[in-house]
Amino acid sequence: MNSSSSPDITQILQDWNAGDASAPQRLMPLVYNELRSLGAHYLRRERSDHTLQATALVHEAYLKMVNQKWAAWQDRVQFARVAARAMRQVLVEYARAYRAEKRGGKLEKLYLDETRELGSGHDPDLIELDEALKNFAELYPRESEVVEMKFFGGLDAEDIAKVLNVSTKTINRDWNFAKTWLCRELTENAA
Amino acid sequence: MPREGHAELVAELFKSAVELAPEHRATFLDEQCGSNRKLRAELESLFRAEDRAGQFMERPAADVVARTFSREGAFGAGQVVDGYEIVSLIGKGGMGEVYLAQDRRVRRQVALKLVRGGIDRETMARRFQREQELLAGLNHPNIAQLYDTGVTEDGIPYFVMEHVEGTRLDQFVEQRALGLNERLVLFRKLCAAVAYAHQNLVIHRDIKPGNIRVTPAGEPKLLDFGIAKLFDEMAADPAEQTVTMDRMLTPDYASPEQVRGERITTSTDVYSLGVVLYELLTGTKPHRLTSRRPEEITRTITEQAPPRPSSTAGPNARSLRGDLDNIVLMAMRKEPERRYRSTGQFAEDIDRYLEGRPVIARKDTFAYRAGKFIKRNKVAVAAAVLVFLSLAGGIIVASYEARRAQRRFDEVRRLANSLMFEIHDSVQDLQGSTPTRRLIVERALQYLDSLSQDGGTDSSLQLELATAYEKVGDIQGNPYTANLGDTEGALASYRKANAIRAGLSKGGAATMEARLQLARNYRAIGDIMELKGDVAECLKNYRNSLAIIEQLAALHPQEMAVQTELARAYETLGDGLSRTDEHGERLRAYQQTVSIRQALIQQTPDDLRQERGAAVAYMKVAGVAGVEKSEAVANMKRAISIFEKLTAADPQNARARRDLGYAHYQFGRILAAADDHAGALASRQLALQFRREIAAQDARNQQARFDLATAYGELAESYARVNAPRDALEHARQSLELLNDLTASDPANAVYRRNLGLCYERLARPLGQLAEDEGTPPSERLRLWQEARGWYQKALELFADLRDRGALMPSDAGQIENFRAQVAAADRAIAKLAPE
Chain A
1 MNSSSSPDIT QILQDWNAGD ASAPQRLMPL VYNELRSLGA HYLRRERSDH TLQATALVHE
61 AYLKMVNQKW AAWQDRVQFA RVAARAMRQV LVEYARAYRA EKRGGKLEKL YLDETRELGS
121 GHDPDLIELD EALKNFAELY PRESEVVEMK FFGGLDAEDI AKVLNVSTKT INRDWNFAKT
181 WLCRELTENA A
Chain B
1 MPREGHAELV AELFKSAVEL APEHRATFLD EQCGSNRKLR AELESLFRAE DRAGQFMERP
61 AADVVARTFS REGAFGAGQV VDGYEIVSLI GKGGMGEVYL AQDRRVRRQV ALKLVRGGID
121 RETMARRFQR EQELLAGLNH PNIAQLYDTG VTEDGIPYFV MEHVEGTRLD QFVEQRALGL
181 NERLVLFRKL CAAVAYAHQN LVIHRDIKPG NIRVTPAGEP KLLDFGIAKL FDEMAADPAE
241 QTVTMDRMLT PDYASPEQVR GERITTSTDV YSLGVVLYEL LTGTKPHRLT SRRPEEITRT
301 ITEQAPPRPS STAGPNARSL RGDLDNIVLM AMRKEPERRY RSTGQFAEDI DRYLEGRPVI
361 ARKDTFAYRA GKFIKRNKVA VAAAVLVFLS LAGGIIVASY EARRAQRRFD EVRRLANSLM
421 FEIHDSVQDL QGSTPTRRLI VERALQYLDS LSQDGGTDSS LQLELATAYE KVGDIQGNPY
481 TANLGDTEGA LASYRKANAI RAGLSKGGAA TMEARLQLAR NYRAIGDIME LKGDVAECLK
541 NYRNSLAIIE QLAALHPQEM AVQTELARAY ETLGDGLSRT DEHGERLRAY QQTVSIRQAL
601 IQQTPDDLRQ ERGAAVAYMK VAGVAGVEKS EAVANMKRAI SIFEKLTAAD PQNARARRDL
661 GYAHYQFGRI LAAADDHAGA LASRQLALQF RREIAAQDAR NQQARFDLAT AYGELAESYA
721 RVNAPRDALE HARQSLELLN DLTASDPANA VYRRNLGLCY ERLARPLGQL AEDEGTPPSE
781 RLRLWQEARG WYQKALELFA DLRDRGALMP SDAGQIENFR AQVAAADRAI AKLAPE
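Heads up: the protein sequence lines correspond to chains A and B, in order. Residue numbers for the first sequence follow the numbering used here, beginning at 1 and rising by one. Residue numbers for the second sequence follow the numbering used here, beginning at 1 and rising by one.
By construction, these hints were calculated from the structure, which means they are not laboratory data. Think of the CB as a built atom: it goes at the ideal place given N, C-alpha and C, for glycine as much as any other residue. There may be inaccurate statements among the hints.
Said to hold, decoys possible - The calculated lysine-lysine pairs, modelled on BS3-like cross-linking and capped at a C-alpha distance of 27 angstroms, are:
hint, chain 1, residue 1, chain 2, residue 2
1, A, 162, B, 15
2, A, 169, B, 15
3, A, 134, B, 38
4, B, 645, B, 629
5, B, 38, B, 189
6, A, 134, A, 169
7, B, 15, A, 134
8, B, 496, B, 540
9, B, 794, B, 532
10, A, 134, A, 162
11, B, 832, B, 794
12, B, 285, B, 334
Stated by the list, open to error - Residues of chain B placed beyond 12 angstroms of chain A at every Cβ, according to the derived structure:
hint, residue
13, 54
14, 175
15, 557
The shape of chain B in the complex, shown without the other chains (with noise of 0.2 angstroms):
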């Protein structure tokens, strides 16, 4: 028995939950119910039968007496109709009556349906000789067999279908208890069922979970197949237009083109389907249809994005995150053409997900949209961002009356998280971003700050407060995407992430992926300290992050993602390690990235990320010292084959091409180490091609100037190395220009600061060699030593000031020595030409 206080906190939580939107109700229930189960459930079970609810006792008892008194059918029993025995009324509506009746000629129970259209015998019969045709033909287990068509005397149409014995698929689904792999299988059935009609060209157009029957046996039936097609024929006729009405009155089932009238193909009984299985998966419907006026429930059915069933407060929520939202949403999008192309496909996709395997359904949300949107217009972009942004704003100070404190709490905070990861998201592979991108996540993060100082303490909030000090630190200086190159500004919002990380991960209570976001956090700031050339710091918090991963690793050797994090660690270790001797230490932590890589891949083949990242360890194999020349070469042309293979298949995406030039780039130092200069400038000048079309897209994008610099320069101390000073001279000036800037604009990167020292000497170099080169005048010898002595001069001094700041790579340790060496060389040149 419920005790009373049990009672009391159902009704009241319940009268506060229905004021929520649904998709927020999840959190309310996390919230308020804690770990009691029981009362979670009961309100679970609530918030499923108040989607039922509706209308239900709406109409006064004293009504439902007197229309039950008056519930009589057009036939009695023992009538017979065409052939027909009536044997009972087994129901009755506003367009018609069915009942269970006995085929005298075949000796079978059928159902009979009657339909109350009002419409000339003639033309009836007509219509319904030609669809019979093609309706008779569907012989499938899985749908309710149609038999027969035919007209009364009285001018009343009716069909003749198998009776089927069973439940409503919703109400055998909620008996039963059925978990959600079987509701899948069975759901699986009824798209084959309705794919093998379209094959027989015939559209249900009315699929809803009133029409699917499942036997005791546990088949699923569909019921009426093509039925509506001849109401809407029906209604074509304007004095008929009451049946469509009356079809239409729960359109919750009903697609886009269909509210809009539009053409119905196939395509709107996948989109039905997708409705029917969020409701199997969820308990809910997606659209809450609570005005009856046909232009509110066009504008939600063409216009309202359902939630994702996974934000449902349904009790399988948690294991719909991914892809079966996707799955469900791809079948309801509002576009036909861009559902799944069948009913068959479909079906397979939902093999896939009960198999395992990757599906194909992706996240549409937002993202696509906006996508083809943006790259439409971007200025228009920006200024509906902005725009948007200050709507948003508009939130906050409107509602600010304590009675809505919790309302505006959850749409602030469903606001910024909607901006942090859609929005973001959904601009961040386009060229040309990074300044939206910043003023997005920050407006995020104000909102997130002031939630949290309102008072919100749950950790779910912290953690998202600290995912948006993430994003804005990536977008403020993260050297690995797209930055605005603000390196201190970065530090400073990793550390604040982190310090509330490291508060929420104490006690070993920490969720998986908590931890593993404290040790992504870890790195984050370990690649700023490597920006910043603190070597010690560097290490010590990529070890951090590594001890973390091998621990969840030892925890969970099946999970990929933290196996591929286990990866990375090790990955971004041995590039910590780059700047120290230690090159032992260094290929054994690529090698260990390989062999992770490769056992992914075995495990998910066609997943691209996985590819990717064997490449780029490939390529940091092939890149430390002491590792054989043929077992480089080999190491970079398998992580170049890859990455033409991955820029191949999206040629727009601006990281994908990046790789590839990052890769001919590192191709070209291994050959120039090896000393096969011809081979290095050959990939150096491929390098040098892909990082200037990048950079030419996005002229803020401190990142893209700055591979370009370095490609300029490399190239130049190629050129140099094959005896061409003058193309040498060329690039590394265009180099120089541009690591001017980027110094200017950040003057703590020592990563700027040291390119640049190799930059004077690279143009150093080449005017030495000019200076020597027997075609040149003496007269302009003395001119090119003079200026080459300068550059060797202020590198040296660059060097030096990095040692004093402790800001220099031991890898260039000698270089001091060495400029020290070309600044007494280019004096002892400019003495042997300096007339006496």
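The shape of chain A in the complex, shown without the other chains (with noise of 0.2 angstroms):
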């Protein structure tokens, strides 16, 4: 699945340093295969322990896409706001994966202890959300990509900080913001 050589990914990234605007649409195929296919890997080896790490998975293909010679710490960041939106799409086709496997079947949320669900991680319905993510980066260009590279790349805010080019405080409360904007349309949807 692989067929993007190393030196092309590093080009790119040269390109869009170099301002060139096509750069991102040329190089989210190719990091969303890797990751793709990184990814369906770590599912099934870890599957024993649930556990699978979006920073490991987008650090593991930037190792693998980008030559190291050539990459500047500029590449970096751009990659990670690359590779966020490809973990966006990558995660969100294995949730519609799961969903049809189920034949439609929706896991209802507990009654029993669902203290535990509300504790421990609110976990929402991932094709819910990215449909909602859609609608809220119209309003919100910013804080949606806070979202992106919080929630689906895995960042935290002090990376994403460095990203946008923002201070730490402002991504925490755009964070917030974005989370209460889309647990608000999520839940209200929910009928």
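Can you join these two chains into the complex? Each is in its own frame, and there are hints to help.
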């Protein structure tokens, strides 16, 4: 599946740094493919303890795809940005596949002890979230990118702050707002 | 489609508002949204979502996907467990799984809940057997029936319950957008179900929205009744601690006794129902449990008072003020014994609210604790208040940074209001508290004043400032409450408040409440003018007050508060007229009061304040000059019997005792005026008893001391009338001592001075009587007459001085002539006795 050769990616990143607006579009499918195959591998391998770390995936993809000799720090930042978007696609696709596998059967929220769910993480339906995030992005492009990088890309607030060149505090506020907005959207449309 | 500007504004305001404490958000919204309803609605819906958001999306998407792939239940479809055929996995969590299953024996769908506890089979089976008998006995339309319990071959316990197709309570009310009353009706059904279970000796222990489903027909069903107990028993085994930990992960609905691990009673369910109601009415949870540390959670739940429901930013917030606030907070009190006695009582209070009858829940907040504490130790309270005030001062100094300005502003403002209302009110009815009250309120005033100077121009702050001025005025010299006798200071404070209120009422945009406050302010100024003896200015203010309230009463004929004020306004005008000869107008004013009060009592038979109002009005009708003696006596008896009832209802209430004392005093005057001097003497003796008792409790309360002085003086007069000059003299001397002190502390007070003048006469008369007594040796007589003449002369001078300063009451117009005549008569007696 991995048809992209390493020099290509490095070249695209350099084009991007030089101001080529088409660079992200060209980069995206390459990263996506890489992540997808890496992700499948991880899911198979780590099924027993159920962890799948986006950052690890992205890092691995990066190492694999980008020629380290040519890459600058700037490239890494740009890569992370694209990788987050790619991760979103990959993960939403997994969710779709899972849903299909369950023949449309949807797990109902628990009521024996939903305290556990609330306490240790309120997991959204990724497919619904993806839709909601599209609407959100039209109104709030920056905040939506924060969601992409944090939730899908697994980056922490400090890294995102570096990528977007704003303060960590701003990122945290953006995140809190986005999360609330999306939570409202999903829980109100849950009917 | 939302415009870009709107979206930007929503994001910006939301980001600022989340940094505020939840109880400040309503004010923030008021200020920022103004009349922009759309903006406000959007922000409110975000605040509600914020509560739900919590850990939402905090687990990275990749992890979510990984977990999704690992979701598998212990049973597959088609598998049969003890006669239950598994249909599908419908839920899964940390403690187990829930399956939809078919009961093959009775052919019905059931919910089968598998509990992963890991306890040994026999123990589990035994416990289940015992509980099952109790739980299966619960048969109620609003309780999901427990059908069966068992243990699988692998040793995993399970419950089989009625399968409820429905929506979680909180989602149901949101989706259907139920109104306040509909929510209450729904909640009422839950209470009934819980009450039923309690009668059957089952406590739920884990009531929360997640355990409540509402069917599409709108019937609520409580799930998992009594099951929590089994979990807790498992947890008693140290190896099973995790079970309780899991269950307690979000202890939003857990009561203080639960988080402390104390005994669970039916009151625990009352508490949890209170939390559910809180959330139903406000859309938010009462506690923000931000920390996951057990000791933090325990502290929050056992110590922190939840914000009043009406102070949250929900859409219904305003309608919650008062009864619903009180109902919810009564159910959620920290001490089980102070909550509703039973779920049934809780339900009844909801009924009372829905039917518009007075509820039994009362405001708790600070007052109860403070009251209880203060009664124990007055000194400690004064010290605590001082510490509190100095801490409060610290907030102002410490947070001067510009970034924190808004926060500081809100904090200081909240503090000032808490001082003015909660803290002040909590000590108000306690005897001996007057100086503490002044300190409290003056400090509140300083805070508000500083805020006002810092550019707080919004009208609500201005109104708070006016209220603070009025409270300070009350403590300085409101003659109708315990006060410090500073008449001039009180007038200045009231006038400052008046300027603010009159300014805000201009243009007719003021609310009913704001206009009522202005009317009350005019009345307070009138009261002070009456004290100063300026009858014309007093009546002018009383009439201003009445005019505002009459307008309001015409606009709001059903508004109890306005009608009550109207009754008071007439009564007050009548009082003001007592210093004139307008007896007819005065009587009509009091009769108006009586008839309004009677109508109000019809509407709210349990309202003791209306009863008191009626009693006072009866008494005043009785006191008007020219009323038939029999009518006066009948009215007084009605009044006294009401006051006796009120005193019996609350023996600690100083005001009720003062009322009863005053009624006896007044009855004495009426009987005296009708020449029933023996009757008057008896009433006045009772009056004195009450007033002595009240004055002894608070040596600094000028009003109590003045009342006592008057009681001594009038009793002296009655003794003189029944020809008991020695008793008369003794009581008059007591009166004199008190009045001298009072006049020295407040020389501008014309009422004190007038009574001092009357007291001189009360000393003079028995001296004259003694001088004329046959048993008095002739050598004594001259000295007695000389002393009597001295007092008459002083009285004459004092009243002449009042006249010169324009402070003489018209009814006292004859007094100067009277004293002049008495001086002359004394002179003649002295002339007869004096050796040539």
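Hints and how they fare:
For the hint linking residue 162(A) to residue 15(B), the alpha-carbon distance of about 21 angstroms falls within 27 angstroms, and the restraint holds. Restraint check: the Cα-Cα separation between residue 169(A) and residue 15(B) comes to about 11 angstroms, which is no more than 27 angstroms; the hinted pair holds. With a CA separation close to 23 angstroms, the supplied pair residue 134(A) and residue 38(B) stays within the 27 angstroms bound. Restraint check for residue 645(B) and residue 629(B): the C-alpha separation of about 25 angstroms stays at or below 27 angstroms, so the hint holds.
The hinted pair formed by residue 38(B) and residue 189(B) fails the criterion: a straight-line CA distance of about 34 angstroms is larger than 27 angstroms. A C-alpha spacing of about 24 angstroms is found between residue 134(A) and residue 169(A), which places the hinted pair at or below 27 angstroms, so the restraint holds. A distance of roughly 21 angstroms separates the Cα atoms of residue 15(B) and residue 134(A); the hinted pair therefore holds under the 27 angstroms criterion. Restraint check for residue 496(B) and residue 540(B): the C-alpha separation of about 18 angstroms stays at or below 27 angstroms, so the hint holds.
Simply put, residue 794(B) and residue 532(B) have alpha-carbon atoms about 21 angstroms apart, close enough for the 27 angstroms limit, and the pair holds. As the CA atoms of residue 134(A) and residue 162(A) are separated by approximately 24 angstroms, the hinted pair is consistent with the 27 angstroms bound. Restraint check for residue 832(B) and residue 794(B): the C-alpha separation of about 22 angstroms stays at or below 27 angstroms, so the hint holds. With a C-alpha separation of about 16 angstroms, the suggested pairing of residue 285(B) with residue 334(B) holds against the 27 angstroms cut-off.
Listed as a non-interface residue, residue 54(B) fails to keep its Cβ farther than 12 angstroms from every Cβ of chain A; the least gap is roughly 6 angstroms. Once the 12 angstroms rule is applied to beta carbons, residue 175(B) is inconsistent with being away from chain A; the minimum gap is 5 angstroms. Its beta-carbon lying about 42 angstroms from the closest one in chain A, residue 557(B) satisfies the requirement of being farther than 12 angstroms from that chain.
Of the numbered hints stated above, those contradicted by the structure are hints 5, 13, 14, listed in ascending order.
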